[in-house]
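Work out the full structure, taking the sequences as your base and the hints as a guide.
First to last, the protein sequences are chains A, B, C and D. Under UniProt numbering, the first residue of the first sequence is numbered 1, with each subsequent residue one higher. Under UniProt numbering, the first residue of the second sequence is numbered 1, with each subsequent residue one higher. Under UniProt numbering, the first residue of the third sequence is numbered 1, with each subsequent residue one higher. Under UniProt numbering, the first residue of the fourth sequence is numbered 1, with each subsequent residue one higher.
Simulated from the structure, these hints should not be mistaken for lab results. Don't take each hint at face value.
Below are the PhoX-like pairs computed for lysine-lysine, each with C-alpha atoms no more than 20 Å apart in a straight line [what the hints assert, rightly or not]: (1) B:Lys193 x A:Lys168; (2) D:Lys39 x C:Lys292; (3) D:Lys54 x D:Lys39; (4) C:Lys39 x B:Lys258; (5) D:Lys39 x A:Lys258.
Per the computed footprint, the stretches of chain D lying under chain A, defined by three or more beta-carbons under 8 Å from a beta-carbon of chain A, are [what the hints assert, rightly or not]: (6) 40-48; (7) 57-65; (8) 90-104; (9) 213-224; (10) 247-261.
Listed next, with one range per pair, are the computed distances between beta-carbon atoms [stated by the list, open to error]: (11) A:Ala327 x D:Arg327: 36 to 44 Å; (12) D:Glu228 x B:Asp139: 50 to 58 Å; (13) A:Glu260 x C:Glu250: 54 to 62 Å; (14) D:Asp320 x B:Asp139: 56 to 64 Å; (15) C:Thr186 x A:Arg187: 55 to 63 Å; (16) D:Asp320 x C:Lys292: 28 to 36 Å; (17) B:Tyr310 x C:Glu250: 39 to 47 Å; (18) D:Glu251 x C:Pro198: 58 to 66 Å; (19) A:Arg187 x B:Asp139: 24 to 32 Å; (20) B:Gln39 x C:Asp290: 56 to 64 Å; (21) B:Asp314 x C:Glu319: 15 to 23 Å; (22) A:Gly36 x D:Glu8: 48 to 56 Å; (23) C:Lys328 x B:Tyr310: 26 to 34 Å.
Backbone N, C-alpha and C fix where the C-beta goes; we use that ideal spot for every residue, glycine too.
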Amino acid sequence: MSNTQMADKDVLLDIFTRADLIMQSDRRFRKMIGAGQLQIVYYPVRGQEVVSAAMMAAINQDDYLVTIYRGLHDQLAKGIPSKDLWAEFAGKVTGTCKGKGGPMHITHPETGVMVTTGIVGSGIPIANGLGLASQLEKDNKVTVCCFGDGASNIGAFHEGLNMAQIWKLPVIFLCQNNHYGEHTHMRDTTGSKTIAQRGEGLGMRSVRVNGNDASEMYAAAKEAVDHARAGNGPTLIEAMTFRFHGHLLGDTSHYIPKEEMEQAREDDPMPILRQQLLDLQVSEADIAAIEAKNTATIDEAAQFALDSDYPPGDEYRIDVLDVEIAA
Amino acid sequence: MSNTQMADKDVLLDIFTRADLIMQSDRRFRKMIGAGQLQIVYYPVRGQEVVSAAMMAAINQDDYLVTIYRGLHDQLAKGIPSKDLWAEFAGKVTGTCKGKGGPMHITHPETGVMVTTGIVGSGIPIANGLGLASQLEKDNKVTVCCFGDGASNIGAFHEGLNMAQIWKLPVIFLCQNNHYGEHTHMRDTTGSKTIAQRGEGLGMRSVRVNGNDASEMYAAAKEAVDHARAGNGPTLIEAMTFRFHGHLLGDTSHYIPKEEMEQAREDDPMPILRQQLLDLQVSEADIAAIEAKNTATIDEAAQFALDSDYPPGDEYRIDVLDVEIAA
Amino acid sequence: MSDEKPQEIMFAQACNMAMARAMADDDKVILLGEDIADKEGGGVFKVTAGLSEKYGTDRVRSTPISEQAIVGAAVGSALVGYRPVAEIMLMNFITVAMDQLVNHAAKLRFMSGGQTSVPLTIRTTTGAGTGLGGQHSDMLEAWLAHVPGLKVVAASNPADAYGLLYSSIMDDNPVVFIENTPTYFTKGPAPAPDHVVPLGKASVPREGTDISLITYGRGVGASHAVAEKLAGEGISCEIIDLRTIAPFDEETVLKSVAKTRAAVVVHEAVKNFGTGAEISSRIHEELFSDLKAPVGRVGSGYAPVPFSPTIEKAWMFSEDDIEREVRKILG
Amino acid sequence: MSDEKPQEIMFAQACNMAMARAMADDDKVILLGEDIADKEGGGVFKVTAGLSEKYGTDRVRSTPISEQAIVGAAVGSALVGYRPVAEIMLMNFITVAMDQLVNHAAKLRFMSGGQTSVPLTIRTTTGAGTGLGGQHSDMLEAWLAHVPGLKVVAASNPADAYGLLYSSIMDDNPVVFIENTPTYFTKGPAPAPDHVVPLGKASVPREGTDISLITYGRGVGASHAVAEKLAGEGISCEIIDLRTIAPFDEETVLKSVAKTRAAVVVHEAVKNFGTGAEISSRIHEELFSDLKAPVGRVGSGYAPVPFSPTIEKAWMFSEDDIEREVRKILG
Ligand SMILES: Cc1ncc(C[n+]2csc(CCOP(=O)(O)OP(=O)(O)O)c2C)c(N)n1
Ligand SMILES: Cc1ncc(C[n+]2csc(CCOP(=O)(O)OP(=O)(O)O)c2C)c(N)n1
Ligand SMILES: [Mg+2]
Ligand SMILES: [Mg+2]
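Below is the structure:
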């Protein structure tokens with residue numbers, strides 16, 4: 001991993017603000033689901049906050065994002081208003097997708113969130129289509145496509161990266177490598193040592209970074225974005241990270257050796273980033289203010305989600321085609 | 001490409017015998033189709049004889065082969081009796097598959113030819129299954145899986161090579177790189193410079209050789225086979241070659257620049273191999289005898305194919321399931 | 001008469017003209033597929049010939065052999081306003097891209113609550129009878145028809161192909177447009193340049209009173225031949241060409257069968273669990289007591305497509321099968 | 001009573017026991033799938049728990065997320081005498097592996113002229129009603145039923161699951177065995193250890209005289225509930241549990257409907273172009289003049305599976321739908 005310079009203070013503050021919103025949102029989701037206030041399948045993102053926050057801090061609101069079922073961090077970092085997002089997670093008619101998509105299928109074009117998929121690897125070919133549109137449109141947008149280490153074993157990864165490379169599409173493939181695909185460790189599923197190596201095998205500019213280090217992650221993101229906007233094509237970023245609460249809520253992480261988990265906790269990006277801010281003379285009070293603001297946002301969003309109505313049942317006949325389906 | 005030593009004379013003779021049978025068979029197919037004696041879609045193999053002949057010379061009859069629609073050279077080199085093969089190409093009941101499969105779907109377990117597929121890339125995952133069986137069975141067999149340069153762009157290639165690598169399956173992935181997938185040149189479809197590079201990206205032992213050089217190809221094949229039989233896992237061999245008669249018979253190769261075609265003709269493996277034999281003091285008469293024997297084989301096979309009957313129509317109810325389907 | 005327009009065109013040409021027209025009308029129309037640009041010959045069946053020369057290789061792109069990437073690129077660009085037309089060279093190859101088509105193209109409008117839509121067209125071709133064997137001839141429209149959110153279209157003649165493909169490209173829903181390889185080079189009357197055939201509307205190319213033959217694609221020609229033959233015996237067949245297989249035009253079908261009180265559904269696909277089953281069921285459900293006899297079905301046999309011509313012929317739906325079924329139904 | 005065998009077992013457990021039995025009986029039985037070995041938890045739904053500990057990770061292999069490679073490895077090993085059981089975690093994921101299943105597993109016996117066979121089993125699970133949304137709940141059995149050479153099986157209770165899965169593994173044809181996620185942990189009477197349910201044979205778990213409810217999988221439980229309710233009103237429902245969806249047991253179905261002269265086909269899958277259409281068509285074709293009314297069909301709505309519970313419920317097939325359809329048919 002590179003020895004990048006520390007990012008600017010305001011960049012780090014921006015990243016922290018997004019990352020803290022993610023961390024608190026994740027915690028709140030887990031709490032509310034645990035308490036039976038929400039009955040949903042939830043893919044925790046605790047541990048991966050900084051990867052996402054730094055990546056999204058390097059792009060604009062109108063750049064595109066394609067992400068996956070484990071997408072809360074990406075969606076929040078990209079800027080979907082918490083109320084809309086919470087309501088969708090809760091299946092309410094006030095949600096981003098009127099409750100039809102749910103957590104695995106968040107779309108919010110206003111903030112560039114175009115697709116969230118539950119099919120491993122499938123977002124990659126779609127991201128190319130967004131990139132192709134930008135290339136034809138000359139709109140200077142980039143598309144960020146998030147997926148996991150496990151996804152790099154599926155065919156769509158290979159086909160998608162190759163097509164992006166030959167057409168020099170402005171797409172950033174962000175592999176959030178948390179070492180596990182469900183309960184299986186990467187070493188048991190992946191013939192190559194790294195995912196970046198696979199990108200190189202496909203002729204693509206590929207980097208491997210400590211995704212938990214805000215400055216390093218941000219620098220890699222920024223470089224990839226500049227590269228893409230300059231018309232030089234895609235980058236594969238393999239961002240090393242970890243997920244602390246298993247594949248989905250309820251998963252006890254029994255398959256993760258104790259030492260590995262302990263090491264990961266030591267590398268927890270959130271306390272590190274917070275300390276970096278303090279080291280940069282950001283005051284404890286300023287940080288606390290950010291945290292409090294995020295808490296308030298979540299309070300409001302969670303309440304909004306709980307208070308909102310479920311959609312009417314026959315909503316299923318709408319949005320299947322461009323015309324309503326007869327009852 | 002490596003500077004391999006010249007192979008032994010008897011190895012080269014063996015390779016030549018197979019390659020000449022292929023070359024003559026291909027020529028005869030093109031002639032008979034051109035003359036309207038056979039009405040079939042035919043994928044010419046002229047130019048790729050040596051890749052196949054050298055590969056199959058390095059394995060045993062009971063080793064497995066998985067190949068593709070452009071498979072005549074592989075099937076002959078592997079040892080399918082010409083009569084059975086010709087009859088199948090002609091759709092006759094005396095063919096390897098009773099006329100049900102046809103040229104794109106040759107199976108002949110007696111000589112280890114387990115699958116011929118018309119779906120690009122699909123043989124790769126199946127080859128792994130054969131390799132897995134051998135690994136479990138400890139039968140010391142290897143599986144050779146042939147496909148083209150274009151096939152390396154499809155998802156199944158990626159998934160299949162990765163699985164073979166992590167499980168150390170005794171499979172040799174033989175990419176016969178003839179530069180074109182249908183009418184599209186590799187440079188327009190492939191982000192990497194070589195296919196071997198993709199294998200390396202997947203952590204696999206990968207080599208790129210001049211497939212038109214019998215000795216170099218044989219050495220690479222032998223090494224891969226030894227590696228696999230020793231339990232060390234798969235190899236990707238990218239064998240550089242060319243096809244002289246287009247994607248399928250009737251294709252004028254209009255998309256191939258004249259200079260490229262001329263260069264390829266200069267590199268035609270067949271005259272080169274023949275000259276190598278002469279240089280090794282094999283007499284013109286001995287070579288002519290081999291050629292004549294192959295001609296006789298083909299004469300007999302072609303006549304057999306023409307003379308044989310088509311299967312009865314209601315044969316379609318048999319072999320769908322293990323019981324006959326009611327009319 | 002030298003500057004009059006041609007009176008007849010081939011099916012493949014009609015598809016080519018429909019794409020050319022769509023590209024001229026809307027610069028968001030782009031084409032993707034293997035070998036489709038002119039440098040590579042304008043498609044293996046030349047259906048896209050001349051289009052990259054006219055509209056450039058930015059808009060007409062030869063792709064790697066990567067069907068998931070092809071359909072995915074179509075999905076993504078469609079999400080942001082493009083009207084991609086992706087060619088899947090042969091229908092069997094769609095089996096490697098079903099995820100993109102079914103889980104994404106068909107569902108994203110719904111799952112996004114209508115925020116996005118996926119106005120893509122998949123063109124593909126298939127059809128048995130020419131000795132291409134088990135992996136190059138399958139008719140898989142029944143799968144697609146079962147997927148809510150996908151439209152499935154098949155034309156039976158060049159003019160319809162022209163009008164339907166144009167409508168498919170301009171439709172705001174994902175459409176699979178199925179062409180038929182063995183009839184690519186058959187001719188039919190040329191359509192007017194502004195000819196359009198709306199999706200979802202069947203045609204009645206032959207009126208009759210005794211029985212309705214409900215069909216699409218290559219089944220239409222076969223049904224005409226049988227109708228012609230039976231007319232000589234005083235049996236009057238009405239032919240319904242569905243044109244859009246899903247969602248299909250129930251109104252036209254039911255109106256016809258309400259009149260004739262007998263029907264046979266005809267398609268080239270394997271009969272078991274084919275689209276004919278749905279059409280037959282709908283007719284029974286709506287017109288049970290009006291029917292003279294149960295709705296008949298004609299389709300191909302329960303087997304992969306055989307290679308050898310003798311077996312392929314015996315396996316495949318045929319005019320004889322249609323005639324036999326009509327006679328059976330009419331007692 | 002402590003050493004008596006349990007009287008009831010869960011569905012997931014039944015599947016586990018069937019695999020354990022097959023592995024004990026035949027060392028050519030191997031398992032492949034994501035997370036299926038015990039180190040990874042014995043499968044996300046624990047259906048394969050304990051099997052790698054007992055039979056080793058050579059025979060019970062956790063795989064990469066590579067469904068094409070999984071099914072391909074099953075096809076290849078099946079060709080040379082193994083009986084692989086490949087888990088496709090959820091049925092929607094089969095969309096990335098349709099080529100292996102349809103173009104290869106289903107066709108290789110035929111295309112090889114019977115020289116090879118592909119005795120593999122694909123186990124997969126699915127089912128709506130638990131808020132998993134559009135990409136994790138689809139019932140796609142109609143696609144598979146339309147593919148000549150594939151058998152499609154679904155059990156409605158643990159004992160049948162045990163007997164059917166064992167038969168599927170031992171069958172010499174490729175079989176897709178569809179499990180139902182929402183009912184994995186429901187209990188039913190335990191089967192005897194040597195219990196076998198033959199493929200291709202439907203059961204008649206409830207006899208009746210007024211109408212036949214023809215169904216499978218989760219439709220069976222729902223049909224029982226409706227039959228029970230209607231019995232109170234003197235309406236006597238016979239229930240046919242197909243167990244093998246394709247090829248289905250026409251004899252048992254037709255015998256039942258010949259007796260009751262009325263039928264409703266019930267399934268969880270989307271109604272349009274679903275398996276119910278084929279069954280309905282076959283009944284009409286064979287028993288048209290015996291029927292009191294057209295065969296009814298119950299299935300889920302024409303839409304992707306919705307996430308929100310209110311919409312999901314409205315969309316999904318239900319006991320109310322069955323009851324309404326029965327009343328409609330019986331007039
Ligand atoms: C095609 C497909 N196969 C299997 C699954 C089931 N599945 C969901 S998430 C997952 C693990 C993915 O791991 P990774 O890509 O590393 O992402 P992570 O969950 O670790 O963020 C699996 C196997 C799926 N959703 N899609
Ligand atoms: C999945 C799939 N897509 C497309 C095709 C059509 N097709 C048949 S051969 C071919 C070219 C393959 O090129 P390559 O792999 O280089 O092999 P070659 O024909 O040169 O031997 C294509 C695109 C196919 N058979 N299968
Ligand atoms: Mg992971
Ligand atoms: Mg090639």
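Here is how each hint holds up against the structure:
1. Between the alpha carbons of lysine 193 of chain B and lysine 168 of chain A the distance comes to roughly 15 Å, so the proposed pair stays at or under 20 Å and holds.
2. Between lysine 39 of chain D and lysine 292 of chain C the CA atoms are separated by roughly 64 Å; this puts the pair beyond 20 Å, and the hint is violated.
3. Pair hint lysine 54 of chain D plus lysine 39 of chain D holds up; C-alpha atoms about 12 Å apart against a cutoff of 20 Å.
4. Under the criterion of a C-alpha separation no larger than 20 Å, the hint pairing lysine 39 of chain C with lysine 258 of chain B is consistent with the structure, at around 14 Å.
5. Taking the CA atoms of lysine 39 of chain D and lysine 258 of chain A, the gap is near 14 Å; set against the 20 Å cutoff, the hint holds.
6. Restraint check on the stretch 40-48 of chain D versus chain A: 3 residues with Cβ-Cβ distances below 8 Å, three needed, restraint holds.
7. For the stretch 57-65 of chain D, the assignment as covered by chain A holds, since 4 residues bring a beta-carbon within under 8 Å of that chain's beta-carbons and 3 suffice.
8. Counting residues of the stretch 90-104 of chain D whose C-beta sits closer than 8 Å to any C-beta of chain A gives 4, which meets the bar of three, so the coverage hint holds.
9. Counting residues of the stretch 213-224 of chain D whose CB lies closer than 8 Å to any CB of chain A gives 0, so the stated coverage by that chain is violated, three being the minimum.
10. With 0 residues carrying a beta carbon less than 8 Å from a beta carbon of chain A, the stretch 247-261 of chain D misses the three-residue requirement, and the given coverage is violated.
11. For the hinted restraint 36 to 44 Å between alanine 327 of chain A and arginine 327 of chain D, the CB-CB distance of approximately 18 Å leaves it violated.
12. The hinted window of 50 to 58 Å between glutamate 228 of chain D and aspartate 139 of chain B holds, with their beta carbons roughly 56 Å apart.
13. At roughly 60 Å, the beta-carbon separation of glutamate 260 of chain A and glutamate 250 of chain C lies within the given 54 to 62 Å, and the hint holds.
14. Hint check: aspartate 320 of chain D to aspartate 139 of chain B, Cβ distance near 58 Å, so the stated range 56 to 64 Å holds.
15. A hinted range of 55 to 63 Å for the beta carbons of threonine 186 of chain C and arginine 187 of chain A is consistent with their spacing of about 58 Å.
16. In this structure, aspartate 320 of chain D and lysine 292 of chain C meet the distance hint of 28 to 36 Å, their C-beta atoms being roughly 35 Å apart.
17. Checked against the given bound of 39 to 47 Å, the beta carbons of tyrosine 310 of chain B and glutamate 250 of chain C, roughly 43 Å apart, stay inside it.
18. A C-beta distance of roughly 44 Å is found between glutamate 251 of chain D and proline 198 of chain C, which places it outside the suggested range of 58 to 66 Å.
19. Range check, arginine 187 of chain A to aspartate 139 of chain B: about 28 Å between beta-carbon atoms, so the 24 to 32 Å window is met.
20. Between glutamine 39 of chain B and aspartate 290 of chain C the beta carbon distance is about 48 Å. The supplied range of 56 to 64 Å is therefore violated.
21. Between aspartate 314 of chain B and glutamate 319 of chain C the CB atoms are about 19 Å apart, so this pair conforms to the stated range of 15 to 23 Å.
22. About 28 Å separates the C-beta atoms of glycine 36 of chain A and glutamate 8 of chain D, a value inconsistent with the hinted range of 48 to 56 Å.
23. The supplied range of 26 to 34 Å is met by lysine 328 of chain C and tyrosine 310 of chain B, whose beta-carbon atoms lie about 29 Å from each other.
Hints 2, 9, 10, 11, 18, 20, 22, counting from the list given before, are not met by this structure.
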